[in-house]
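The whole structure should be built from the sequences, with the hints applied where relevant.
These protein sequences, in sequence, are chains E and L.
Letter 415 of the first sequence, counting from 1, is numbered 428 in my numbering, and no numbers are missing.
Letter 113 of the second sequence, counting from 1, is numbered 106 in my numbering, and no numbers are missing.
Just so you know, the hints here were simulated from the structure itself, not pulled from any lab data.
Please note that a few of the clues may not be correct.
[Said to hold, decoys possible] Output of the computed footprint for chain L on chain E, the stretches with three or more beta carbons under 8 Å from beta carbons of chain L: (1) 59 to 71; (2) 113 to 121; (3) 257 to 271; (4) 400 to 413.
[To be verified] With a cut-off of at most 30 Å between alpha-carbon atoms, the simulated DSS-like pairs for lysine-lysine come out as follows: (5) E/Lys305 <-> L/Lys60; (6) L/Lys83 <-> E/Lys368; (7) E/Lys387 <-> L/Lys82; (8) E/Lys104 <-> E/Lys152; (9) E/Lys368 <-> L/Lys236; (10) E/Lys294 <-> L/Lys87; (11) E/Lys207 <-> E/Lys305; (12) L/Lys236 <-> E/Lys207; (13) L/Lys137 <-> E/Lys294; (14) E/Lys236 <-> E/Lys294; (15) E/Lys104 <-> E/Lys128; (16) L/Lys87 <-> E/Lys368; (17) E/Lys294 <-> L/Lys83; (18) L/Lys60 <-> E/Lys161; (19) L/Lys87 <-> E/Lys305; (20) L/Lys202 <-> E/Lys387; (21) L/Lys137 <-> E/Lys378; (22) E/Lys161 <-> E/Lys79; (23) E/Lys378 <-> L/Lys194; (24) E/Lys368 <-> L/Lys194; (25) E/Lys207 <-> L/Lys87; (26) E/Lys207 <-> E/Lys236; (27) E/Lys378 <-> L/Lys202; (28) E/Lys387 <-> L/Lys60; (29) L/Lys87 <-> E/Lys378; (30) L/Lys82 <-> E/Lys305; (31) E/Lys305 <-> E/Lys320; (32) E/Lys305 <-> E/Lys236; (33) E/Lys305 <-> L/Lys83; (34) E/Lys79 <-> E/Lys145; (35) L/Lys83 <-> L/Lys60; (36) E/Lys104 <-> L/Lys87; (37) E/Lys236 <-> E/Lys152; (38) E/Lys128 <-> L/Lys83.
All residues carry an ideal CB built from backbone N, CA and C; glycine is no exception.
Here is how the chains run, residue by residue.
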Amino acid sequence: MIQDITKLVAQRFGSPVETISAALLNGGIARSRARFRNVGLFFYQGRPLCVARWYENDNQALIEEKQILFALNAYGVCVPSFVDLIECQGKFVLLEEFLTGSDLNTLVHRTLRTKPEAVRAAQLVYEDLRTKTKEPSSKNAFIEELHKVYAVADYYQLAGDLEILREAGNTLCAYFDRAGDYVTSLVHGDLTLKNIILSVSENKSEGSSRRELVRCFDFEFTKRSHFAWIDWFRLWQYSPVLLEDELGQFEMPDDVKPFAADSLLWSSATLINEVIGFSIKASVFPQFSLPKLIEDSRNTISTLCEKRGQLPAAQLPKKPSPIEGDYRAVDGICVDVEDASEKGLIEALFELKEKYEATLLTLSKRNAAFSSAKRELAEAQHQLTSIEQHGKELSQANDLLRAKLFATEALLTETDRNLRQHIDVLHQEFQRTLQQKDQLLHGVSNSMAFRLGKVLTDPLKKIPAAKRVVSALKH
Amino acid sequence: MLSSNSIVKLTQVVSDADSTNNQLSFLETLVDSHHLAHLQMLAPAYYVFGTRAAAKWRDISDEQMSKVAQRIHAGEPWEEVIHQQTQEKKWVHKIALSPSRSLFLDLLDYSGVRVALDLGAGWGQLSLGLATRVPQVVSVETTKERLDVIHAICAQEDKTNVSFLLGDVFDLPFREGSFDLVLLCGVYEWLGNNGTEDDVKMLQEAALKAVFHLLSPGGKVVIAIENRIGLKYLLGERDDHSKTRHISYLPYQEASAQYQHRYEQSFRARTYDQREYEASLAQTGFISPQFYLAFPDYKLPQVIIPSDQPELLRYVVENIPMPDEHDGSDGSRSFYNEVIKRVYRGINNVDVLQHLAPSFIIVAERPQ
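The structure is reproduced here in structure tokens:
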């Protein structure tokens, strides 16, 4: 790709291809595959010629960037000149002027410029962008843009209570209503010291006087917006050499000053900035890092919501990106290393690092053993729980059985009692029947005897002789 | 009746099977006729060749790799799966997922390249990147599990022009001149780890010879590798492979003896400096070697500069923020990061910096 672009660049500038050389830069380390961006620096006989930018998989993004650069050129803002948009291997390549010089972050880091100097230069760029691209707008358009912010926050559920965000929007709206000043401007979207170049040019017409030119580049996130202040906030949040809590020590741009004087207004602007910052990152970060991004933003927004109006104005939430956080941490280490080196302690530091690594290894082994023990414990606990569960089930079953047994016993007792009663009744009835039978038999017998007697007596009565015989026999 | 979903799935399966068959057939066209009989089919997707013990580097266990492949094959987004599997190992995570890994592919000229060979394809990023740039790519790996993952990723990305072979560089079945481009990214230095006690340099040059023969006349080899006298190593940063300080820049015999004395093991992951690489390439028959300096290294390059452009290098070092250097064995930030950057600037005017870059991307050509 770079070789084909080199040929096209040579053609564009009418130079033999052998005179053109290029360096290839990675245009962002935390990007998704889809938005991975390459930057080529082209040189003609070792002198800067032009810069080329292209995306791995996103021609549309580059066309938008080209249009923005075109517009910025037209407004006369301090940005590189548009050179050309060429097509190479099916990808669009944006060619722009090579801004010679170093970026402000590097200059401050190398102590070639002080922080106040760098911030002043950045402020020039900020004001240049804000004033030269300014266009009148309306309250409706402002509210419409606010609604887009709410929509992002709502979609990703960034704010626990969306009402607080709406209140922030209303606060800003009320402020701009009072000021009667609804305007839009082209907002850079990533205005950090790293994206601002300070070039020094010799002004030959005026003898040996040197002229410093401050210009910004990289317009991937630039768009027309009512929220110009996000550029100023981002400058402090994402320039590695600047610290958020130093913000109050510097003079602010005119449009940000009123915010700094009113903590409610400040926190409202900060909240809106946070959501916009999230959407910028979400547009280029890989999908798999989105959950972490959402979580981080939720935490920051939740803190901002909790402390809305309580935080002193001119403070931003401390939330360096992981890379910048590392950068700062390493800066600290580097200072230590340099001091140590001067004091001849570098070897001691080495030993310390090796000890640290060894401890880390031991800890890691212990951690592994601990994890294994933890796993076993969890397994044992699981089994125990299972046994307990079984025990519970058994106990329940036992209770049930016992209850059934009791019920059965009760039933048996009841049945027994009923049987006994029944037997008693039967017995009584039997006795009664027996008695009745006896009585009956007795009666029958009596009756029979009577009747027999009668039968026997009557004929005998009728036969006195016989009666006598009987009587005689009786005697 | 089949539902429309089932029809889509069925069509997909049929089309996957078709493309697999096409790729297997394509691979067969590259194989030397007397090796054809020795190709073994493994799974439906690739062939296995050779039995030599190759260096089998593993970032994560084979079991984990297999799970990754299964999940990707099942339709989960491959980046998400690898992210979940490797997020605890930040260095592996970056190596496997960062698009920077394949940045250097934009350096190469693909005109006339019909078939490219990615030897030691790792997580497959380069095979994937090549698949969008050249008509056919052959991905070779030494473990089945890695190849499974690369195959799954390519299938998900619909890269039907990638073929797969389980094999190793010392024993490849391909016909002479089969490839127009061969990539050895992070491979050359490990070639001594083949389980033998053979001379490391001899093994490396043997592999280079094998690659030379695989290339078509005019074909190019790309070697991405560390510079043994990179400034960070001179200052005391750990060697990426042996994880040992102050060893890579020593003469090999001395380095080897020290390593043996310290760890009772042979020092077999060997890197070289620019002149030594040039000599090996020339001895093998390669011509026109081009060296690109990769900062902070070839693994995740952020700045790549041709080494024969000293003015360009000077400008970049002076004006562009150079990326942070890291410990190449685990990706942690270099202890000497700030010192390295200062030295780069300090020696910027004496034209030695190109010899002290941390890594090279080397492109050399087989003569016509």
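Consistency of the hints with the structure:
1. Under a criterion of three residues with beta carbons nearer than 8 Å to beta carbons of chain L, the stated coverage of the stretch 59 to 71 of chain E is upheld, 4 such residues being counted.
2. As drawn, the stretch 113 to 121 of chain E meets chain L at 6 residues by the rule of a beta-carbon pair under 8 Å; at three or more, the given contact holds.
3. Closer than 8 Å: that is the beta-carbon criterion, and the stretch 257 to 271 of chain E has 0 residues meeting it against chain L, so the requirement of 3 is violated.
4. A count of 0 residues in the stretch 400 to 413 of chain E with a Cβ less than 8 Å from any Cβ of chain L is obtained; the coverage claim is therefore unmet, three being the minimum.
5. The straight-line distance between the Cα atoms of E/Lys305 and L/Lys60 is roughly 24 Å, inside the 30 Å bound, and the hint therefore holds.
6. Of the pairs offered as hints, the one joining L/Lys83 and E/Lys368 holds, with about 21 Å between alpha carbons and a cut-off of 30 Å not exceeded.
7. Annotation: proposed proximity of E/Lys387 to L/Lys82 holds, straight-line Cα distance about 21 Å (limit 30 Å).
8. Straight-line distance between C-alpha atoms of E/Lys104 and E/Lys152 comes to about 40 Å, which puts the hinted pair past the 30 Å bound.
9. For the proposed pair E/Lys368 and L/Lys236, the alpha carbon gap of about 15 Å is at most 30 Å, so the pair holds.
10. For the hint linking E/Lys294 to L/Lys87, the alpha-carbon distance of about 18 Å falls within 30 Å, and the restraint holds.
11. For the given pair, E/Lys207 sits about 25 Å from E/Lys305 by alpha-carbon distance, which is consistent with the 30 Å threshold.
12. Among the hinted pairs, L/Lys236 with E/Lys207 is inconsistent with the structure: their alpha-carbon atoms are about 34 Å apart, more than 30 Å.
13. Only pairs whose Cα atoms come within 30 Å are accepted, and L/Lys137 paired with E/Lys294 is rejected, the gap being roughly 37 Å.
14. With a CA separation close to 15 Å, the supplied pair E/Lys236 and E/Lys294 stays within the 30 Å bound.
15. For the proposed pair E/Lys104 and E/Lys128, the alpha carbon gap of about 40 Å is over 30 Å, so the pair is violated.
16. Between L/Lys87 and E/Lys368, the direct Cα distance comes to roughly 26 Å. Compliance with the 30 Å bound is thereby established for this hinted pair.
17. Under the criterion of a C-alpha separation no larger than 30 Å, the hint pairing E/Lys294 with L/Lys83 is consistent with the structure, at around 20 Å.
18. In summary, the hint linking L/Lys60 to E/Lys161 is not supported, as the alpha carbons are separated by about 41 Å, beyond the 30 Å threshold.
19. Between L/Lys87 and E/Lys305, the direct Cα distance comes to roughly 16 Å. Compliance with the 30 Å bound is thereby established for this hinted pair.
20. A threshold of 30 Å between alpha carbons decides the hint, and for L/Lys202 with E/Lys387 the separation of about 52 Å lies outside it, so the pair is violated.
21. Restraint check for L/Lys137 and E/Lys378: the C-alpha separation of about 29 Å stays at or below 30 Å, so the hint holds.
22. Taking the CA atoms of E/Lys161 and E/Lys79, the gap is about 24 Å. The hint holds against a cut of 30 Å.
23. For a cut-off of 30 Å, the pair hint linking E/Lys378 to L/Lys194 is broken: about 36 Å separates their Cα positions.
24. Simply put, E/Lys368 and L/Lys194 have alpha-carbon atoms about 34 Å apart, too far for the 30 Å limit, and the pair is violated.
25. Taking the CA atoms of E/Lys207 and L/Lys87, the gap is near 24 Å; set against the 30 Å cutoff, the hint holds.
26. With a C-alpha separation of about 19 Å, the suggested pair E/Lys207 and E/Lys236 falls inside the 30 Å cut-off, and the hint holds.
27. With a CA separation close to 43 Å, the supplied pair E/Lys378 and L/Lys202 exceeds the 30 Å bound.
28. For the given pair, E/Lys387 sits about 24 Å from L/Lys60 by alpha-carbon distance, which is consistent with the 30 Å threshold.
29. Simply put, L/Lys87 and E/Lys378 have alpha-carbon atoms about 24 Å apart, close enough for the 30 Å limit, and the pair holds.
30. Our distance criterion of 30 Å between C-alpha atoms is met by L/Lys82 and E/Lys305, whose separation comes to about 16 Å.
31. Of the supplied pair hints, the one linking E/Lys305 and E/Lys320 holds, its CA atoms being roughly 23 Å apart against a limit of 30 Å.
32. Using a Cα cut-off of 30 Å, the hinted pair E/Lys305 and E/Lys236 holds, with the two alpha carbons roughly 26 Å apart.
33. Restraint check for E/Lys305 and L/Lys83: the C-alpha separation of about 15 Å stays at or below 30 Å, so the hint holds.
34. As the CA atoms of E/Lys79 and E/Lys145 are separated by approximately 18 Å, the hinted pair is consistent with the 30 Å bound.
35. The hinted pair formed by L/Lys83 and L/Lys60 meets the criterion: a straight-line CA distance of about 19 Å does not exceed 30 Å.
36. Straight-line distance between C-alpha atoms of E/Lys104 and L/Lys87 comes to about 26 Å, which keeps the hinted pair within the 30 Å bound.
37. Straight-line distance between C-alpha atoms of E/Lys236 and E/Lys152 comes to about 19 Å, which keeps the hinted pair within the 30 Å bound.
38. Restraint check for E/Lys128 and L/Lys83: the C-alpha separation of about 33 Å exceeds 30 Å, so the hint is violated.
Hints 3, 4, 8, 12, 13, 15, 18, 20, 23, 24, 27 and 38, counting from the list given before, are not met by this structure.
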